[in-house]
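Enquirer: Chain residues, written in single-letter form:
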Amino acid sequence: MASALALVALSAPFFRAVPLPENSMFQRIGAEKKHGNPLFKGKDFRRVSMTVSVNVSRFEGVTMAPPDPILGVSEAFRVDTNDLKLNLGVGAYRTEELQPYVLNVVKKAEKLMLERGENKEYLPIEGLAAFNKVTAELLFGADNSVIQEGRVATIQGLSGTGSLRLAAAFIQRYFPDAKALISSPTWGNHKNIFNDARVPWSEYRYYDPRTVGLDFDGMVADIKAAPDGSFVLLHGCAHNPTGIDPTPEQWEKIADVIQEKNHIPFFDVAYQGFASGSLDADAYSVRLFVKRGFELLVAQSYSKNLGLYAERIGAINVVCSSSDAGTRVKSQLKRLARPMYSNPPVHGARIVANVVGDPILFNEWKQEMELMAGRIKNVRQRLYENLSQKDKSGKDWSFVLKQIGMFSYTGLHKAQSDHMTDKWHIYMTKDGRISLAGLSLSKCEYLADAIIDSFHNVD
Amino acid sequence: MGDANMRAELVSPGRRLGTLARHLGVDYSPASSSLMASHNASEIVTPSPTAGSYDGSVFANVVQAPEDPILGVTVAYNKDPSPVKVNLGVGAYRTEDGKPLVLNVVRRAEQLLVNDPSRVKEYLPITGLADFNKLSAKLIFGADSPAIQENRVATVQCLSGTGSLRVGGEFLARHHHEHTIYIPQLTWGNHPKVFTLAGLSVKTYRYYDPTTRGLNFQGLLEDLNMAPCGAIVLLHACAHNPTGVDPTLDQWEQIRLLIRSKGLLPFFDSAYQGFASGNLEADAQSIRMFVADGGECLTAQSYAKNMGLYGERVGALSIVCKSADVAVRVESQLKLVIRPMYSNPPIHGASIVATILKDREMYHEWTIELKAMADRIIRMRQQLFDALRTRGTPGDWSHIIKQIGMFTFTGLNREQVTFMTKEYHIYMTSDGRISMAGLSSKTVPHLADAIHAAVARIK
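Taken in sequence, the protein lines are chains A and B. The first sequence lines up with residues 1 to 459 when you count with our numbering. The second sequence lines up with residues 1001 to 1459 when you count with our numbering.
Derived from the structure by calculation, the hints contain no laboratory data. Since the structure is predicted, the reported quantities are computational estimates derived from the model, not experimental observations. Here a beta-carbon is modelled for each residue, glycine too, at the ideal position from N, C-alpha and C. Please note that a few of the clues may not be correct.
Subject to a maximum C-alpha distance of 30 Å in a straight line, what follows is the list of computed DSS-like cross-link-like pairs (lysine-lysine) [what the hints assert, rightly or not]: (1) Lys133(A) / Lys1079(B); (2) Lys366(A) / Lys392(A); (3) Lys108(A) / Lys1099(B).
A short list of chain A residues far from chain B (calculated; beta carbon distances all over 10 Å) [what the hints assert, rightly or not]: (4) Ser159; (5) Ala197; (6) Ser303; (7) Ser388.
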């Protein structure tokens, strides 16, 4: 008993006192006897149980974490019973019938894989070689000099998030003084990734609420003002959450200021092919920077463009000035992956290798991707038409057409977004972002009514 | 160990700037503190890594990382053209024919999944597949475990054993007051790296006794007795890797009493449940003893070996808490660790596991296939032991049949191992560890010859 008390005293600063039911330890002993555990003699166990039961949980001080702002939206949608409810929260593609979509080429690839009866051995730390090869080629173009010269270090990663995290860990280790620059706004998880990797970050202006467009001058000024050698996080296409992308001319100017400041471009490419429907068009910004001779990083994801969300398949690519540097960088990325998860999951990688590496499936994929991107463009068009026709105020809604990709920044602020949910049962994130992938043509009119109402009638 | 590597390879900022300055022809004295101390970007000229048009690479200071020692064995094996070569390096099961094995029940589960038209690839929740989590907790703790009945277990799907250890380690580094983890001397090579990168400080406790080739139980108790209250203790649930030396049940009980009386926090690594003895319950005994006393613990569970799902990266982290309320809060904080690492886990492997575990007939088939694998390994142990006895190889080789699990710590030294590789084309790690799973009846004689020769020629 004395030792137990001493234990409590020792640990006093670390445990919040929680009154335990008086008979708790006896309950436990009773239960033990009922199960008849042959491993314990009653007496010894009783002593131990007392020692244990006066302790509070080591984790008593752990507070409840807030729900994820993006994923929490779907949860709220799920419990809403209203017939008119619409989920424009999470960024997963939906068909016109608002159903999840597994691409036909993916189904074909999985059937092929099943027929072949492949084994489930560990992949190398850097992932499936065939996957890495087709992924780099998809991004840069197979005939790109960086590929021909072997200057790209590609490591299979856990989709976009995992690839970003590996890159961030690499930055922290090899550029410990360097900062990351992220757009304001950006995908909510970017900050978390850099925080957990202990890479300091600051924001560059991006979204201009007055124009519901790009604050280009602010962007350039902020990139210029940052310390030399910063890592500039750029969305390759279909900026998340705004849907606003720089024009080709603006990309050139962004490249100029990055070059001037000896910054390192760090692209997040989550929508190649999914934004415009064209794989090459969506890779324009990355390929521009490569052509201009930058060493750069690209985190890539197949979640949206191949609909492989849950398979967690992507890659981190590092374009280096020499193949020797590429080899060294790859070896160090592996050293970061090994203590995180040892080696990446094989299933998604094989699907990608089979689809992208087979000419017939690759072409079929391109067609399916054009359909997905096309559907989103159609709903944008319909939404714009509905907004323009129904809103008598003369407000310019054309930004809906100018924005690209799955998401649109409506320009609604938090109170207005809340109104969308409370009155209209439309679920979206509080920053005014809607996912067009979750919108059907038949619901555009309802959405337009809701947006017009929220915009004009809520302050 | 990992820590030392890291420090050795990180070039200090001063040295890096000095090198760059030389390239640029800038006068830079390391003694001058202005370059280092000043944080004002406009004041100092920071020679950035990309400055200058020399052979300059941003990644100039990134050195080639050494090959992973365990995986490097297979690399060397693959290069060897000898027809009698044997790979006893990496810990993946092989059949009598030396081939990788995909369990029949796994193939069946996969068929069901791939052919199910209603199956989608939507993002899993951050915590993973709910069914998988519940079934995994039941598997390791027992379906009737009070901890489960009382909802005191927070279980999250992770990337196999490594991922579970890493997420657990990161959680503890954030939420546990004591940041030291004690790992056994010896242990799996990746353990220190995982915990160091998770933010914990790694110490060791004595474990393996080379003179007896068994457990240094006194040393273990002494070292854990010196640990500060709240320190985390890594325990191999069964089939210790790399030694194959496990405590007896009596010894486990003493370890448990010591850990509970010192207020230490146990963290179990369970990579071989069912694979070690052939019996799922027996291999979970150590963990269940700890859970039965009502105390808290962490468990990292892997399905890589026991379901042969190596490349799918399936595992689970369970944290057994004092109360259901604490478990809920703990789970919410685990999500904050996972989201910036890879957002949510891969679906394929977890679906296979859930399909098997929830179907009575498939579960039963699994236990049979599992026992067959374990039995084959036990047979190899016996055959090797007999073969050495037949050859009259000097020394006590009984540890071969006493040790448990996939690996045997032969006790052979580095020179003897090198000799065996060179003369007999036996590939194994230089610490004398062999993977019994890589042996067959056909190759046992060759290995016995090699050991016999090594022991004779080299002391």
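Enquirer: Hints first: check each against the structure and report whether it holds.
Expert: Okay, the hints, checked on the actual structure:
1. Among the hinted pairs, Lys133(A) with Lys1079(B) is consistent with the structure: their alpha-carbon atoms are about 22 Å apart, no more than 30 Å.
2. Restraint check for Lys366(A) and Lys392(A): the C-alpha separation of about 40 Å exceeds 30 Å, so the hint is violated.
3. Of the supplied pair hints, the one linking Lys108(A) and Lys1099(B) holds, its CA atoms being roughly 27 Å apart against a limit of 30 Å.
4. The Cβ of Ser159(A) sits about 7 Å from the closest Cβ of chain B, inside the 10 Å cut-off, so the non-interface label is violated.
5. Its beta-carbon lying about 8 Å from the closest one in chain B, Ala197(A) breaks the requirement of being farther than 10 Å from that chain.
6. In this structure Ser303(A) is not separated from chain B by more than 10 Å, as the shortest Cβ-Cβ distance comes to only about 8 Å.
7. Distance check for Ser388(A) against chain B: the nearest CB is about 34 Å away, which clears 10 Å, and the non-interface claim stands.
Hint check: violations occur at hints 2, 4, 5, 6; the rest are consistent with the structure.
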